[in-house]
Amino acid sequence: MVSLRGVTKVYDNGVTALGPIDLEVRRGEFVSLLGPSGCGKSTALRLIAGLSAPTAGLLDVERPKTTLRGGHPVGFVFQEPTLMPWTTVRENVRLPLKLAHVPPPDSDARIDQVLAQMGLSEFAQAYPRELSGGMKMRVSLARALVTDPDILLMDEPFAALDEITRFRLNNDLLTLWRSLRKTVIFVTHSVFESVYLSQRVMVMTSRPGRIAAEIAIATEEPRAEDFRTSAGYAAYCRQVSDALAPSYSGQSA
Amino acid sequence: MTGSDVSKPASSKAKPGSLVARLVRVLLPLVVFAALLAGWEFVVRTNDIPAYVLPAPSAVFATLISDWDVLSKSLAVTLLTTLEGFVAAAIGGIALALLFNLSRWLEYSLFPYAVVLQVTPVIAIAPLLLIYLPQQTAVVVCAWIVGFFPVLSNTTLGLNSVDRNLAGLFQLYGASRLQTLRLLKLPSALPFILGGLRIAGGLSLIGAVVAEIAAGSAGAGSGLAYRIAESGYRLNIPRMFAALLLLSVAGIVIYGLLALTSHLVLRRWHESALGKDN
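Chains as they are written, first to last, in my numbering: chain A, 1 to 253; chain B, 1001 to 1278.
Please keep in mind that the hints were generated in silico from the structure rather than gathered at the bench.
Idealized CB from N, CA, C, for every residue including glycine.
It is possible that part of the hints are untrue.
Stated by the list, open to error - From chain A, some residues computed to sit far from chain B (all C-beta separations above 10 Å):
#1 R178
#2 H189
#3 R200
Stated by the list, open to error - From the structure, some residues in chain A lie toward chain B, with a derived Cβ separation under 10 Å:
#4 G50
#5 L51
#6 G75
#7 Q79
#8 E80
#9 M84
#10 P85
#11 T87
#12 R90
#13 L95
#14 L99
#15 A100
#16 D155
All chains should be built: construct the whole structure from the sequences, respecting the hints.
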C-alpha cells in the first residue's frame, strides 16, 4: 500500500530531516511511527501525503480509485484540529468534497453518515470554538474520513488532549479501524499509545530520522480496554521503550 | 461513540452586576460631556464673551437649527465624497492586495509606491490634484489616497496569515488557486480586512475634509470643511462650531457603523467579537 525505499528529505537549509528510511505498510495495517520530537516523523507523513517531495529515494503510495463521488485516497489528521473557525462543523466536514466539486445537496448524505459515525450528529451546526478539544479532534477525523480514504495519516492527533479524552479517542479509533479497515499510519511520541493502537511500531532515531527498530505487537484481536492493564501490554511497552532509549542517548534533555 | 466530552455552547447572558457596569460606562462620558457644556456656557455668559470670539453651546445649537438648510446640504456633500473615497479605497485596497498575493513580482514592483502615497501628507498632495483633476474628482481621490493604504496593508497581512496546516489540507485535496482564495484565504483575512476598513472609514472623512479645505481656499466647494473655512473668513464663529460638530458626529457614526458591521460579521467565530468570559 505504502512503500518507502531509501527515502531521504533534506531541507533547503541543508539539514537532513529524514532518512534514508525503508518502510512497507500493507493494506489495512495499523502502523505507528514512534520517536522523539524532531526525528522526522511528521516529515515522513508529509512525504507520504504528497505535501512535500523526497530529496532522494523511491516513494510509492497506492491510490486505488474509490467509488464515492469526490472520494480521495488519503486522509490527513494534524496535531491541532485545524478546523476553519468561520464555519460550522458540517461545512468543515464538507470541505474535501467541496474542493472536489461535489455540489452540496449531493454530499449531504455522506456528511450525515460520517458525522453519525463520529458521534457528532447533534453538533453539525455548532462552530468549532463551541466544542471541546476532543470534540474538535472528532470533527477533524470526520473530515479526513468523509472522502472514504484508503490511507489515514495521523500526525500526533491526540497529543494535545487530556489523558481521559485521549483514551476514549484511542478506543474510538480502534473501533473505527476494525470496522472500516483503513490503512493507518500513526505518528506519536507516546510509547503507550503506539503499543495500544498499532500492529507494528516503527521506532525512529532523531536527526536524521531513521528506523531503529520494528516491533510487532501480537495480541488477541479485538483489543479491549483491559489490554491497557495486561502484563503483555506492559512487556511490549518495556520492549519499545528499550528500543527507543538509544534515540535519547547523547541528548541532555 | 457518544458525545459527552463536550462543552455546551456557552450562554452569553449578562449577569445583573454587569448591567450596572455597562450603564456606568455609558453614563460617565455623558456626565463629563454635560459638565463641560455647562461650564462652557457659564464662562461665556458670566464674562459676556462675544459670539465671534467664543459662542456659547446654546448659540452653536441655535445656529445648527437656523442654518440647517445650508449645513445639511454641505453635510450631504462631504458624506458623499467620504463614501465615494471609502468605497474606492475598499475596492482598490482589497483588489491590489489580492493581486499582490497572486504575484510576488507585482508586490515587489508596486508596494513601495503604495508606501510613498501613504507617507506623503495628503494636505501637500491635495493642491496638486486640484490643478490636474476636476475638483469633485480631486476631492474623492484625496479621500481614497488616505483610506486605501490601511485596507491594502491589512488585507495583505490577513492573506498571509493563513493557518499552515489548513493550507496543507487544501493542497492535499488538490484545491485550485481560486478555491484556495475563496474558501481559505479570504475568510482567514476577513477579520484583518474589517479592521482595515474600520480605519479607512475615519481616514476617508479626514481625506475629504483636507481636500475640501484645499479646494475651498482655491475659491469653490460646498462641503462642511468649506463651510468651516468660509465661516472663518466671515467671523461667523457659531456656524464654524456647528459645522465642526456635524463633522465630528459624522466621524463617530461612520466608525460606529463599521465597528457594528465588523461585530455582526465576526460574532459567530472570531476572538475579537467574543465576550471576555466565553
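Against the structure, the hints come out as follows:
no., hint, verdict
1, R178, "holds, 13 Å"
2, H189, "holds, 18 Å"
3, R200, "holds, 25 Å"
4, G50, "holds, 7 Å"
5, L51, "holds, 5 Å"
6, G75, "holds, 9 Å"
7, Q79, "holds, 8 Å"
8, E80, "holds, 7 Å"
9, M84, "holds, 7 Å"
10, P85, "holds, 5 Å"
11, T87, "holds, 8 Å"
12, R90, "violated, 14 Å"
13, L95, "holds, 7 Å"
14, L99, "holds, 4 Å"
15, A100, "holds, 7 Å"
16, D155, "holds, 9 Å"
In this structure, the one hint that does not hold is number 12.
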